[in-house]
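Novice: Residue-level listing of the chains:
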Amino acid sequence: MAASPLPTLTAKDLASDQEIRWCPGCGDYSILAQMKKALTTVGVPREKMVFVSGIGCSSRFPYYMNTYGFHTIHGRAPTFATGLRLARPDLQVWVVTGDGDGLSIGGNHLIHALRRNVDIKVLLFNNEIYGLTKGQYSPTSRLGTKTKSSPQGSIDKPLRPLSVALAAEASFVARTIDIDVQHLTNTLQRAAAHKGSAFIEIYQNCKIFNDGVFEYTTDKSVKSDNVLYLEHGKPMIYGKDRNKGIRLNGLSLESVAIGNGVQIDDLLMHDEKADEPTLASLLSRMVCPDLPECVGVLRSVQRPTLEELQQKQMDDLIKARGPGDLEKLFKNDDLWVVE
Amino acid sequence: MSSTTTAPSPSASQELESVTIRFAGDSGDGMQLAGTQFTNASAIMGNDISTLPDFPAEIRAPAGTLAGVSGFQVHFSSSDIHTPGDVLNTLVAMNPAALKTNLKDLEPGGILIVNSDAFGTSELDKARYKSNPLEDGSLKGYRIIRVPINKLNREAVAECKLSPREADRCKNFFALGLVYWMYERPMEPTLKWIQEKFSKNPIVLEANTRTLKAGYNYGETCEVMPVHYKVPKAKIAPGVYRKITGNEAIVMGLVAASKLSGKDMVFSGYPITPASSVLEGLADMKRFGIKTLQAEDEIAAIGVAIGASFGGAIGVTGTSGPGICLKSEAIGLAVMTELPLVIIDVQRGGPSTGLPTKTEQADLLQAMYGRNGECPVAIIAPRSPGDCFNMVFEAVRIATEFMTPIFFLSDGYIANGAEPWSIPDISKLPQLKITHPTAPNGNGDVKGHENGAGELGKFLPYKRNELLVRPWAIPGTPGLEHRIGGIEKEDVTGNVNYEAGNHEHMVKTRAQKIANIATTIPDLEVEGSQSGDLLVVGWGGTYGSLTTAVTRMNRKGYKVGLAHLRYLNPMPKNTGEVLKRFKKVLVPELNAGQLLLLLRAKYLVDAVGLNKIQGKPFLVSEIEAKIEQMLAS
Ligand SMILES: Cc1ncc(C[n+]2csc(CCOP(=O)(O)OP(=O)(O)O)c2C)c(N)n1
Ligand code: SF4
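In order, the protein sequence lines correspond to chains A and B. Heads up: the first sequence begins at 0 in numbering that gives the first Met the number 0, then just goes up one per residue. Heads up: the second sequence begins at 0 in numbering that gives the first Met the number 0, then just goes up one per residue.
For the record, the hints were derived by calculation from the structure and aren't laboratory data. Some hints could be false.
Label pairs and their computed distance ranges (CB to CB) [claimed, not checked]:
hint : chain 1 : residue 1 : chain 2 : residue 2 : range
1    : A       : Ala319    : B       : Glu222    : 52 to 62 Å
2    : A       : Leu250    : B       : Lys160    : 50 to 60 Å
3    : A       : Asp89     : B       : Asp424    : 30 to 40 Å
4    : B       : Pro321    : A       : Arg20     : 58 to 68 Å
5    : B       : Thr437    : A       : Thr7      : 16 to 26 Å
6    : A       : Ser220    : B       : Pro436    : 50 to 60 Å
7    : A       : Asp314    : B       : Glu465    : 38 to 48 Å
8    : B       : Pro436    : A       : Asp289    : 55 to 65 Å
9    : A       : Thr277    : B       : Asn464    : 49 to 59 Å
10   : A       : Arg20     : B       : Thr352    : 38 to 48 Å
On the chain B side, residues computed to face chain A include the following (Cβ under 10 Å) [unchecked claim]:
hint : residue
11   : Leu161
12   : Lys191
13   : Pro237
14   : Ile243
15   : Met251
16   : Met264
17   : Phe287
18   : Gly288
19   : Ile301
20   : Val303
21   : Gly314
22   : Ile483
23   : Gly485
24   : Asn494
C-beta atoms are modelled at their ideal positions from N, C-alpha and C, and glycine is treated no differently.
Bound-form chain A, shown alone (with noise of 0.2 Å):
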């Protein structure tokens, strides 16, 4: 992480003056002050720090920061940041959004933000239930979620964040954990640190409309045979004696148990860096209990964002033909002049 050249922020200069209105024990609180822990390292002053969400608890969120804020529509904070970023290419933008919000309402703007690279970093906060209204499902709820609009359990198919993201050409897609404190506030460093579009997928407890659909990935006796930490250049190999990896069979994914003739060098290493997103899609769709549930980088390369592309475009026809000439512009048709 680059040092800051300013005077150092502490987490408490992060913190507004607003009363936090999030139910005690929610997974938000978490979030929250890993991201001020996060905030105080990345060298960006907090005037030039906005945050941006949609609506849903999680969307409370920028009240809580003493930043810049803008608390928007429902699903539609990626396109007010996409405006603030082309506007403002010197802000750092972060949008946070709930799975409803981001999935559901403004699934169509999120992949979009995502496919055109703007520089934001959008944190998913998925509790696979609608917060706000009450204990709805989710695109993310799983099949048979009974909540009070599935009283017979849902039926729809729920969507992966993560394969979505990667399907819209994300540039950095990576997942945490709302109380895995120190992997949560690396990752969301990391996406600081990333030029581009950074999705984040966090698994938040929502203490009481969901509470524990994320236990098998927090609970310290099961945690480790269920969660696959990713580590770039490293082979996959997780669960509790680290005695267990993953491997390609085909097309798809297994898990296998190292020994008996399965070598380290049979598993799978993780290249978050790989051009072509096949195998991050492959690990974005591992799901418990048959494979581990992977945590940490997806994938992480470098192109262009849509704010270089804008500019470069219009320095290129700056160079070219000079700026703009307001009478010139009057005049570009056939004139005629009357005495």
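Guided by the hints, dock chain B with the ligands onto chain A, whose structure is given.
Specialist: Chain B with the ligands alone, transformed into the frame defined by chain A:
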């Protein structure tokens, strides 16, 4: 004049004050192009001009069918004109379908130029003619000029070695050449255009040049045309002129506003007829620092524009009626967060997809009320293509001076229609002074506000000036960090606040802020009689027909005035007073009575509507007839 007493020689020339001509043909026949070229030539001749393009919603309906007819009407004159003309003096019909759909607009005794080669049985069948109108006597009342355009055109381009299909594509220029001769138009502008357009394709360049000249020569040498006509230059205000359409004027106005205010501009739109050419035009303005984005839909487009405004740029979005529906929620957010935003609505026939290529003025109430909650926005409307330039400038001024979304209600007729535009003197354009705070505005008054909001050194995003406008503090400014959003605000601090009394206070404050715009706009002027028997009140693109009708009524001695509203919300301060000066009030609109409803509700005036909902502009005669009827009763 010719000295012969028998049939006039081909060179006989007659002077006319003004002429309305329509080119009509299949949508593949190049009628829009022919009409545009004719318009340019007339403008350069020094005539006043007004045009009305009319094209089908289908890009290419089957050739020769009634659904595929495309027309372009030009009114050119030696006097000041404001409309594309009520009735046609001349109709050029390239096929039976064009004849059938357009003949009703040709004046009795009018000139009808037909492409006689296109009247075979299959073409007649496609146009659902039971017998050939060229032979069955049904066109008796017109001066028919039959020209075998297909054949003559093919002969003209024979040496160019084009395929028959390619050759036929030039026939619009043959027809154009003929009409150029008929009305003594100069061919040079079109020849120059052909040169530039086809410089990479010398064969096509040659073919079009030849056929244009052949059409002209055909007129000159052939006896089918008894006479040709001259329309002298118009006496219009001195200046340098060009032709401009409404959408072109919007583009130029926005560029000028950005440049003269020294502010960045971000425009985001999603293609929709008839607004697309604004997006296209601005996309080509990168050398002026204008940034554009073709968004994934209209919701995204307005989000991008609002995000840009939050960042301190001038955010602009543009669309037509269906797109406005999608933008409604975001407009509400811009009202709540009090950010500047220009929303261009090029209206078309609705509801829903409606009449995509036809004009209507039916989004006024949507602009006024089409959102949840009490959600006032400013609304202005240009009255002609050239006026789009002035009014879009005004839109930027109001949006930034009052921190509000503003609707700019144009329509398909203004957007595509063209008129002469006197090129403005840049040094005389209004200056836009836009400022952003750089220091906290807390004044030490902490009473009544939680969180010590009024503390010195605090920034209060909703502390207002004397016109109730909040400051436009932009991200990146140290010490002014603040959060805004769609949830109700506490007065002054902008903190989230759900209290009953605060909400009512804020609703009223937002409404009063919009009402305060009236202190910065000109009074409503009346044209014609300043008081008397009848006042015509209109808005937007109907101005041309209304002013022409009122002028004629005044000439006939009636005491009739015209008040044309360019500011619809708020309306000029003297509107009520103006309405009271007349015994009767007539409100002609291309909708079922939307301004009428607003005027009756707000000013308790017993106004009467004249409502046309046909996707077409008013004819002057329709307005005159209604005025006469009202005066007689
Ligand atoms: C246009 C619109 N439709 C519906 C709503 C109601 N609404 C508010 S938040 C929400 C879902 C939020 O769920 P999620 O994004 O998962 O966020 P969470 O509250 O769980 O953090 C809905 C449907 C709204 N505010 N606006
Ligand atoms: S409803 Fe759930 S997501 Fe919302 S604040 Fe409460 S615990 Fe958090």
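Novice: None of the hints should be skipped; say for each whether it holds.
Specialist: Hint by hint, here is what the structure shows:
Look at Ala319(A) against Glu222(B): about 55 Å separates their beta carbons, and that is inside 52 to 62 Å. Evaluation of the 50 to 60 Å hint for Leu250(A) and Lys160(B) yields a pass: the beta carbon distance comes to about 57 Å. The hinted window of 30 to 40 Å between Asp89(A) and Asp424(B) holds, with their beta carbons roughly 36 Å apart. In this structure, Pro321(B) and Arg20(A) break the distance hint of 58 to 68 Å, their C-beta atoms being roughly 38 Å apart.
A hinted range of 16 to 26 Å for the beta carbons of Thr437(B) and Thr7(A) is consistent with their spacing of about 24 Å. Evaluation of the 50 to 60 Å hint for Ser220(A) and Pro436(B) yields a pass: the beta carbon distance comes to about 55 Å. Against the hinted window of 38 to 48 Å, the Cβ-Cβ separation of Asp314(A) and Glu465(B) comes to about 42 Å, which satisfies the hint. Between Pro436(B) and Asp289(A) the CB atoms are about 57 Å apart, so this pair conforms to the stated range of 55 to 65 Å.
For Thr277(A) paired with Asn464(B), a C-beta distance near 58 Å keeps the hint of 49 to 59 Å intact. Restraint check, Arg20(A) to Thr352(B): a C-beta distance of roughly 43 Å satisfies the suggested window 38 to 48 Å. Here the hint on Leu161(B) is broken, as its CB sits about 28 Å from the closest CB of chain A, past 10 Å. Annotation: interface hint on Lys191(B) holds; nearest CB of chain A at approximately 8 Å, less than 10 Å.
Hint status for Pro237(B) relative to chain A: holds, with the closest Cβ pair at about 5 Å, below 10 Å. For Ile243(B), the interface hint holds, since its Cβ comes within 10 Å of a Cβ in chain A; the closest pair sits about 8 Å apart. Below 10 Å, beta-carbon pairs count as interface contacts, and Met251(B) has one with chain A at about 6 Å; its hint therefore holds. Interface restraint check: Met264(B) against chain A, minimum CB-CB distance 9 Å, threshold 10 Å, status holds.
The restraint placing Phe287(B) at the interface with chain A holds, with a minimum CB-CB distance near 3 Å, inside the 10 Å limit. This hint holds: Gly288(B) has a C-beta 7 Å from the nearest C-beta of chain A, less than the 10 Å allowed. Interface hint at Ile301(B): satisfied, since its Cβ lies 8 Å from the closest Cβ of chain A, which is below the 10 Å cut-off. At its closest, the beta carbon of Val303(B) sits 4 Å from a beta carbon of chain A; the interface hint therefore holds under the 10 Å criterion.
Against a cut-off of 10 Å between C-beta atoms, the interface hint on Gly314(B) holds, since the closest Cβ of chain A lies about 6 Å away. Because the closest C-beta pair between Ile483(B) and chain A is about 6 Å apart, less than 10 Å, the hint holds. At its closest, the beta carbon of Gly485(B) sits 6 Å from a beta carbon of chain A; the interface hint therefore holds under the 10 Å criterion. Among the interface hints, the one on Asn494(B) holds; its C-beta lies about 7 Å from the nearest C-beta in chain A, closer than the 10 Å criterion.
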